[in-house]
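Listed here are the chains, written in short residue letters.
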Amino acid sequence: MSTSCGNPTVEKDALMPRRRKFDRTKTCIKCKDNQGNVTIRHAVYCKECFFPMLNQKFKRSLEPTINPIPDGPRKKNLYPPGNLLIAFSGGLGSTVLLDLVHKGYVASRKPREDADAAVRKKDPKNEMVWKEVHVCYVEVCGAFPAMRDRTEDVRRVVESYDGFKFVPLRVEDSFDTKWWESVGGKPDKGELRVDITNEDLILLPSSNATSPLSALHTYLSSLPAPTAIPTTLQTLTRLLLLHTARATSSSHFLFGTCLTSLSVSLVSLVAQGGGFNIKEEVQEDWGGEGGRQAVRIVRPLKDIVMKECAMYAWWRGLEVVGQEVWPDARQGIGGITKDFIVGLEKDYPSTVSTITRTCAKLAPKETPAGICTLCNRPAQGHVQDWKTRISIRSLSPSLASPQQPSLAPYLCYMCHTTLTSKSSKKPSSGSSSAGGEEGNEVPLPLWVGARVRRMEREEMRDKVKEFLLDKEEEEEGYAEPI
Amino acid sequence: MPRLCALCSTQRPILKRPKTGQQICKDCFFYVFETEVHNTILEAKLFQPGDRVAIGASGGKDSTVLAHVMKTLNDRYDYGLELFLLSIDEGITGYRDDSLETVKQNQKEYNLPLKILSYNEFYGWTMDSIVEEVGRRNNCTFCGVFRRQALDRGAAMLGVDHIVTGHNADDVAETVLMNIMRGDIARLGRCTAICTQGEDTIKRSKPFKYTYEKEIVMYAYFKRLTYFSTECIYSPDAYRGHARSFLKMLEAARPSAIIDIIYSGEACEVGEEATKELKERKTCKRCGYIASNDLCKACTLLEGLERGMGNAGITDRGRKQLEASGPTPDGLRTIPFFQMNASTPTDATSSVTTSGQGSGARISPVVDVSAG
Numbered sequence: 001m002s003t004s005c006g007n008p009t010v011e012k013d014a015l016m017p018r019r020r021k022f023d024r025t026k027t028c029i030k031c032k033d034n035q036g037n038v039t040i041r042h043a044v045y046c047k048e049c050f051f052p053m054l055n056q057k058f059k060r061s062l063e064p065t066i067n068p069i070p071d072g073p074r075k076k077n078l079y080p081p082g083n084l085l086i087a088f089s090g091g092l093g094s095t096v097l098l099d100l101v102h103k104g105y106v107a108s109r110k111p112r113e114d115a116d117a118a119v120r121k122k123d124p125k126n127e128m129v130w131k132e133v134h135v136c137y138v139e140v141c142g143a144f145p146a147m148r149d150r151t152e153d154v155r156r157v158v159e160s161y162d163g164f165k166f167v168p169l170r171v172e173d174s175f176d177t178k179w180w181e182s183v184g185g186k187p188d189k190g191e192l193r194v195d196i197t198n199e200d201l202i203l204l205p206s207s208n209a210t211s212p213l214s215a216l217h218t219y220l221s222s223l224p225a226p227t228a229i230p231t232t233l234q235t236l237t238r239l240l241l242l243h244t245a246r247a248t249s250s251s252h253f254l255f256g257t258c259l260t261s262l263s264v265s266l267v268s269l270v271a272q273g274g275g276f277n278i279k280e281e282v283q284e285d286w287g288g289e290g291g292r293q294a295v296r297i298v299r300p301l302k303d304i305v306m307k308e309c310a311m312y313a314w315w316r317g318l319e320v321v322g323q324e325v326w327p328d329a330r331q332g333i334g335g336i337t338k339d340f341i342v343g344l345e346k347d348y349p350s351t352v353s354t355i356t357r358t359c360a361k362l363a364p365k366e367t368p369a370g371i372c373t374l375c376n377r378p379a380q381g382h383v384q385d386w387k388t389r390i391s392i393r394s395l396s397p398s399l400a401s402p403q404q405p406s407l408a409p410y411l412c413y414m415c416h417t418t419l420t421s422k423s424s425k426k427p428s429s430g431s432s433s434a435g436g437e438e439g440n441e442v443p444l445p446l447w448v449g450a451r452v453r454r455m456e457r458e459e460m461r462d463k464v465k466e467f468l469l470d471k472e473e474e475e476e477g478y479a480e481p482i
Numbered sequence: 001m002p003r004l005c006a007l008c009s010t011q012r013p014i015l016k017r018p019k020t021g022q023q024i025c026k027d028c029f030f031y032v033f034e035t036e037v038h039n040t041i042l043e044a045k046l047f048q049p050g051d052r053v054a055i056g057a058s059g060g061k062d063s064t065v066l067a068h069v070m071k072t073l074n075d076r077y078d079y080g081l082e083l084f085l086l087s088i089d090e091g092i093t094g095y096r097d098d099s100l101e102t103v104k105q106n107q108k109e110y111n112l113p114l115k116i117l118s119y120n121e122f123y124g125w126t127m128d129s130i131v132e133e134v135g136r137r138n139n140c141t142f143c144g145v146f147r148r149q150a151l152d153r154g155a156a157m158l159g160v161d162h163i164v165t166g167h168n169a170d171d172v173a174e175t176v177l178m179n180i181m182r183g184d185i186a187r188l189g190r191c192t193a194i195c196t197q198g199e200d201t202i203k204r205s206k207p208f209k210y211t212y213e214k215e216i217v218m219y220a221y222f223k224r225l226t227y228f229s230t231e232c233i234y235s236p237d238a239y240r241g242h243a244r245s246f247l248k249m250l251e252a253a254r255p256s257a258i259i260d261i262i263y264s265g266e267a268c269e270v271g272e273e274a275t276k277e278l279k280e281r282k283t284c285k286r287c288g289y290i291a292s293n294d295l296c297k298a299c300t301l302l303e304g305l306e307r308g309m310g311n312a313g314i315t316d317r318g319r320k321q322l323e324a325s326g327p328t329p330d331g332l333r334t335i336p337f338f339q340m341n342a343s344t345p346t347d348a349t350s351s352v353t354t355s356g357q358g359s360g361a362r363i364s365p366v367v368d369v370s371a372g
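Chains A and B, in that order, give the protein sequences. UniProt numbering numbers the first residue of the first sequence as 1 and each following residue consecutively. UniProt numbering numbers the first residue of the second sequence as 1 and each following residue consecutively.
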């Protein structure tokens, strides 16, 4: 007997038997008739049964979130109070999401009647659940000079479906007053700026606005660590999408985050100090302040693993445009976490579902002290006090005088850390070449300025409220769309 | 112009602080290191004047530095604490016997009373004999469960109010990640607490909860403290190893990651629904220690060892096998009955010079006694 190592004494049986990928049989566990085509977490499915199974998982995740108040186990008509916005990145998850939404809620359905959705009694299967469906794509190539613009590729995919309205955006729109006004923001007298070298993040007087692209470059190149760039781009993209959801009167906003991606983003969130927002990472209602209609963010693929998405896209022949890999993305907290979790899943199967199930059982310890001006998520207070106590960075008290307005009190822990946590490595983004000429003054995304000014006004009003006779009048002129 | 310390702006910096990345001088490093621990102690109101506090001492870097810092802070800020060193001898030849020599040396340097309790005396088994019986795969479970009980029992015998351990920020962050990844809700809920205390257990706390492991090594290096640096010779917990390597990668990318994870862990808690699923805390019917079932984990593990079924306390299958093999035979070796503060001596020295004071102890714990 010859062996690969040339040692004739090695017995064949000494090799570890290969572990079977399915538990019992090769026959489909649904129809118990056909030969299986795919194994999903030890269960075998044939191609015919795979699609209804996936569709059922998708609907089971999405439909209980559609009505403003959940109906409980008894299924009723679906009556969303607004339109639908789908976030599309060109990646696998959002490509599958787009197809599932189109098949399930747009194709072969009549346009929705204008009658009040809340009192409709008709079978929802006959007409569209949402009156309008918008698909929004945010192009990030502006952040990296060598990156290819994929907007047209994405447009082609979106327009291959009927019934979708395409909304293309660019990440630099976060600094563009035209975009801000288009989503209902109030024009301002210039950009609000911040001194990012100081941990108090001292706010500086507004100066003349630069071009949105140059503002983006300055912002990214001023970040203290390479890990902050992917996190910042995600936050900017998320907020652009949320404001677009509001501007398109959407009550629901869908992300194509599958189970694998969700577990990566949850661990990544914890690793960046965002444990307080674990619930929001799975599902959140955004912008419901002041009696406005909140936008509900839902991840209907959260029970579907990446392999299922890949099989669905392959069998349906979907075109996956793919996402450009951001420079430094692998060095980011998200990139490191993804590599680790995907690797761990090989040795410890079910890791991804364990992570999401564990996180679903967690709740924030305190009631929020406010909303973070940058990421617009609930935030705890006293972030700086906590940081000062556990790591002393100065022998004297903070240099910021109480008179100097500072951004730090308006930020959550994670955003404050992203803007201040230093690394031994300098950010090596291509974007850095374009920035820096403004010195330490960094322009802020436009929604930050609007919220900071409103909060400053609220603080001023609190101080003089006993002497104000007319509440309505002094609110004038400080509207913002959230 | 030469660069100056980022904190005092007068001395030449000689180190880069792992926690903040600042370049600082030696004196400023000692100041911030000790003051941060002091802030942690004050913020959590860990001690009351007159408290008798045992420092869990293994001879490793964390507990050696903890003993030094606790003594320093107790003198500097006049906490009014009565400090003891408490060591557990797991019975690992070539590892613990050597590290205990370091503890004895520390005891002389810091002039603190020392008490050493051994697994052999408490449970009738050493880790060497346990590994011989069960192999290396699950031996860390035995060691962890037995050590926790032994520390509590040792503290009760010393009549102390409080045990402080050298768990550092890296350990806490690693535990948060590990519990999320393997779905251990019960532990996740309590792993970021600085101080844990049940109704019938001794207070335990982690004054180094926000202290980076690298800074502990740095402190020991500059203070020239003697510690034992060898890793345990038995295989480490494989899953914890994964969590640790992940944490190290995160720390390399962003040094604040360790603290960020702890902040995350502190910001959330186990929700109401999930809390209902957690088991109610009971008292072990055999030894009186806290338990989730009729028998505590240590008694289950010990019974498994005694009856030649090492897996009894590890897996459900092992526990069922143990139950199926009939009732517990008479005359089986058991753990002495646990009673909080079984002896509350008035004199610290007398407490450590008396052996076998645990009330109802069927195995009399033999104590290596040496008062400072």
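It is worth saying that the hints were derived from the structure and are not from the lab. In this text, a Cβ means the ideal position worked out from N, Cα and C, and glycines have one as well. Do not rely on the hints blindly, as some may be mistaken.
[Unchecked claim] Simulated restraints on C-beta separations:
| hint | chain 1 | residue 1 | chain 2 | residue 2 | range |
| --- | --- | --- | --- | --- | --- |
| 1 | B | Thr141 | A | Glu441 | 36 to 42 Å |
| 2 | B | Thr141 | A | Trp314 | 40 to 46 Å |
| 3 | B | Arg187 | A | Gln35 | 52 to 58 Å |
| 4 | B | Pro18 | A | Ala146 | 20 to 26 Å |
| 5 | B | Lys248 | A | Arg357 | 24 to 30 Å |
- Starting from the hint 52 to 58 Å, judge whether the C-beta atoms of Arg187(B) and Gln35(A) obey it. violated, 44 Å
- Please test the hint of 40 to 46 Å on the beta carbon pair from Thr141(B) and Trp314(A). holds, 44 Å
- Query: Given a hinted range of 36 to 42 Å, is it respected by the beta-carbon distance of Thr141(B) and Glu441(A)?
  - Reply: violated, 57 Å
- CB-CB spacing for Ala146(A) and Pro18(B) relative to the 20 to 26 Å hint: violated, 34 Å
- Distance restraint evaluation - Lys248(B), Arg357(A), Cβ atoms, bounds 24 to 30 Å: At 27 Å between Cβs, range holds.
The structure fails hints 1, 3, 4 (numbered hints given earlier, in ascending order).
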